[in-house]
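Visitor: Residue numbers (this note's numbering), protein chains in the order written: chain A, 1 to 158; chain B, 1 to 165.
Don't read these hints as lab results, they were simulated from the structure.
It cannot be assumed that every hint is accurate.
Simulated DEER-style distance windows between Cβ atoms [unchecked claim]:
| hint | chain 1 | residue 1 | chain 2 | residue 2 | range |
| --- | --- | --- | --- | --- | --- |
| 1 | A | LYS10 | B | SER93 | 57 to 63 Å |
| 2 | B | HIS57 | A | SER55 | 41 to 47 Å |
| 3 | A | PRO28 | B | HIS57 | 28 to 34 Å |
| 4 | B | LEU107 | A | PRO54 | 50 to 56 Å |
| 5 | A | HIS56 | B | ALA60 | 34 to 40 Å |
| 6 | B | LEU12 | A | GLY47 | 19 to 25 Å |
Keeping only pairs whose Cα atoms sit at most 20 Å apart, straight-line, the calculated SDA-like set for lysine to any residue is [said to hold, decoys possible]:
| hint | chain 1 | residue 1 | chain 2 | residue 2 |
| --- | --- | --- | --- | --- |
| 7 | B | LYS40 | A | GLY47 |
| 8 | A | LYS100 | B | LYS40 |
| 9 | B | LYS40 | A | GLN51 |
| 10 | B | LYS40 | A | ARG39 |
| 11 | B | LYS40 | B | ASP20 |
Only part of the chain A face toward chain B is listed, based on derived beta-carbon distances under 7 Å [stated by the list, open to error]:
| hint | residue |
| --- | --- |
| 12 | TYR11 |
| 13 | LEU12 |
| 14 | SER35 |
| 15 | LEU57 |
| 16 | GLN60 |
| 17 | PRO76 |
| 18 | VAL81 |
| 19 | ILE83 |
| 20 | VAL98 |
| 21 | ALA99 |
| 22 | LEU108 |
Since the structure is predicted, the reported quantities are computational estimates derived from the model, not experimental observations.
For glycine and all other residues, C-beta sits at the position ideal for the given N, C-alpha and C.
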Amino acid sequence: MISSRCAACKYLRRRCPSDCIFSPYFPPNDPQRFSCVHRIYGASNVGKMLQQLPSHLRSQAVDTMYFEAQYRLQDPVYGCVGIISQLHQQINRAESQVAKIQAEISFLNSNAQEVEEPQVDQHFEANSNFINNFLPEQINTLDLSPYGLPSTQTSWFN
Amino acid sequence: MGGNSPCASCKLLRRRCAKDCIFAPYFPSDDPHKFAIVHKVFGASNVSKMLQELPVHQRADAVSSLVYEANARARDPVYGCVGAISFLQNQVSQLQMQLAVAQAEILCIQMQQEPVMPTPQMDPDDKSSYLIHDSLPQYLNFSSSSNVIHDSFKRESIFGHDMVS
Numbered sequence: 001m002i003s004s005r006c007a008a009c010k011y012l013r014r015r016c017p018s019d020c021i022f023s024p025y026f027p028p029n030d031p032q033r034f035s036c037v038h039r040i041y042g043a044s045n046v047g048k049m050l051q052q053l054p055s056h057l058r059s060q061a062v063d064t065m066y067f068e069a070q071y072r073l074q075d076p077v078y079g080c081v082g083i084i085s086q087l088h089q090q091i092n093r094a095e096s097q098v099a100k101i102q103a104e105i106s107f108l109n110s111n112a113q114e115v116e117e118p119q120v121d122q123h124f125e126a127n128s129n130f131i132n133n134f135l136p137e138q139i140n141t142l143d144l145s146p147y148g149l150p151s152t153q154t155s156w157f158n
Numbered sequence: 001m002g003g004n005s006p007c008a009s010c011k012l013l014r015r016r017c018a019k020d021c022i023f024a025p026y027f028p029s030d031d032p033h034k035f036a037i038v039h040k041v042f043g044a045s046n047v048s049k050m051l052q053e054l055p056v057h058q059r060a061d062a063v064s065s066l067v068y069e070a071n072a073r074a075r076d077p078v079y080g081c082v083g084a085i086s087f088l089q090n091q092v093s094q095l096q097m098q099l100a101v102a103q104a105e106i107l108c109i110q111m112q113q114e115p116v117m118p119t120p121q122m123d124p125d126d127k128s129s130y131l132i133h134d135s136l137p138q139y140l141n142f143s144s145s146s147n148v149i150h151d152s153f154k155r156e157s158i159f160g161h162d163m164v165s
């Protein structure tokens, strides 16, 4: 009977006990996962963090640590905080665009109610240009697919 | 760094603070919590290695982001920063939907205000042809029960300057 050590114990060159805290989350067929997490957090810190969590939450915790560690290795200065900053900027831009368009809608609606005589062609053309100038550029979601992680079923806000 | 006062790192680690201490510029003694949280999550040794691998002019930002991540992990030990990313991505998706609805509404108003509408020539460069597009895939799909994150990651400058070029 051959008992395989988990990736963590293989990396740390130690015996893998039956109650190894790492083994459920660092299978031997994915050595890079532990290597990445170890480089950023250290085995001791990861072990402590897992011990402080109930067992049903540890898998998610390891997944998120792995995600953050990958981004830190890719971007040693900002890590995944760079993503947060970019998302904030996207949100700021999108909100101001929504506000502009909603202001334009209000303006057009109030104009439509006030003006009863037929529109002069020049006036209509001016409005069309105004509308076209306000259509927002497309907002691109950041591509996080290289480090995609499994989805969960529970909803965010509950 | 003036004076003989050890930096927060060396105080916590109970060692002599050398003149060329790598932590000293970024972990002043008047803010012990800053190093404590980074040490708890990443470990002093790892932080030191990370800083040593960076040019000096980038270390301050690196420390700021490490402190940010460490605080996020301390507040939410399961999801850390990833919880915030998921939350913000949801916000972006919702705003995209709002934009699409607003775009459609503007087009409706435009069409209603046209007395006679000739068949429009579709111009590929015309932004008005961007109607509601397919919903974008979720690259992260985490959930978190922590409400602390919602308050923590408000729209503010994390580093005091635009770090995204």
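Visitor: Taking the hints in turn, state whether each one holds.
Guide: Comparing the hints with the structure gives:
1. Remark: the range hint 57 to 63 Å for A/LYS10 to B/SER93 is contradicted by a beta-carbon distance near 40 Å.
2. Taking the beta carbon of each, B/HIS57 and A/SER55 are about 44 Å apart, inside 41 to 47 Å as hinted.
3. For A/PRO28 paired with B/HIS57, a C-beta distance near 41 Å fails the hint of 28 to 34 Å.
4. A hinted range of 50 to 56 Å for the beta carbons of B/LEU107 and A/PRO54 is consistent with their spacing of about 52 Å.
5. Taking 34 to 40 Å as the suggested C-beta distance range, the pair A/HIS56 and B/ALA60 conforms, at roughly 39 Å.
6. Hint check: B/LEU12 to A/GLY47, Cβ distance near 20 Å, so the stated range 19 to 25 Å holds.
7. Of the pairs offered as hints, the one joining B/LYS40 and A/GLY47 holds, with about 12 Å between alpha carbons and a cut-off of 20 Å not exceeded.
8. A distance of roughly 45 Å separates the Cα atoms of A/LYS100 and B/LYS40; the hinted pair therefore is violated under the 20 Å criterion.
9. A threshold of 20 Å between alpha carbons decides the hint, and for B/LYS40 with A/GLN51 the separation of about 14 Å falls inside it, so the pair holds.
10. In summary, the hint linking B/LYS40 to A/ARG39 is supported, as the alpha carbons are separated by about 15 Å, within the 20 Å threshold.
11. A C-alpha spacing of about 23 Å is found between B/LYS40 and B/ASP20, which places the hinted pair above 20 Å, so the restraint is violated.
12. Against a cut-off of 7 Å between C-beta atoms, the interface hint on A/TYR11 is violated, since the closest Cβ of chain B lies about 15 Å away.
13. For A/LEU12, the interface hint is violated, since its Cβ never comes within 7 Å of a Cβ in chain B; the closest pair sits about 15 Å apart.
14. With 7 Å as the threshold, the beta carbon of A/SER35 stays out of range of chain B, its nearest partner Cβ sitting at about 13 Å, so the hint is violated.
15. Taking 7 Å as the C-beta contact cut-off toward chain B, the hint placing A/LEU57 at the interface holds, the least distance being around 5 Å.
16. Interface hint status for A/GLN60: upheld, as the beta-carbon distance to the closest one in chain B is roughly 5 Å, under 7 Å.
17. Checking A/PRO76 against chain B by beta carbon gives a least distance of about 6 Å; that is within 7 Å, so the hint holds.
18. A least Cβ separation of about 4 Å between A/VAL81 and chain B falls short of the 7 Å threshold, and the interface hint therefore holds.
19. Because the smallest distance between the Cβ of A/ILE83 and any Cβ of chain B comes to about 6 Å, under 7 Å, the interface hint for this residue holds.
20. The criterion of a C-beta within 7 Å of any C-beta in chain B is met by A/VAL98, whose closest approach is roughly 5 Å, and the hint holds.
21. This hint is violated: A/ALA99 has a C-beta 10 Å from the nearest C-beta of chain B, more than the 7 Å allowed.
22. Given hint, A/LEU108 at the interface with chain B, holds; its Cβ is 5 Å from that chain's nearest Cβ, closer than 7 Å.
When each numbered hint is compared with the structure, violations occur for hints 1, 3, 8, 11, 12, 13, 14 and 21.
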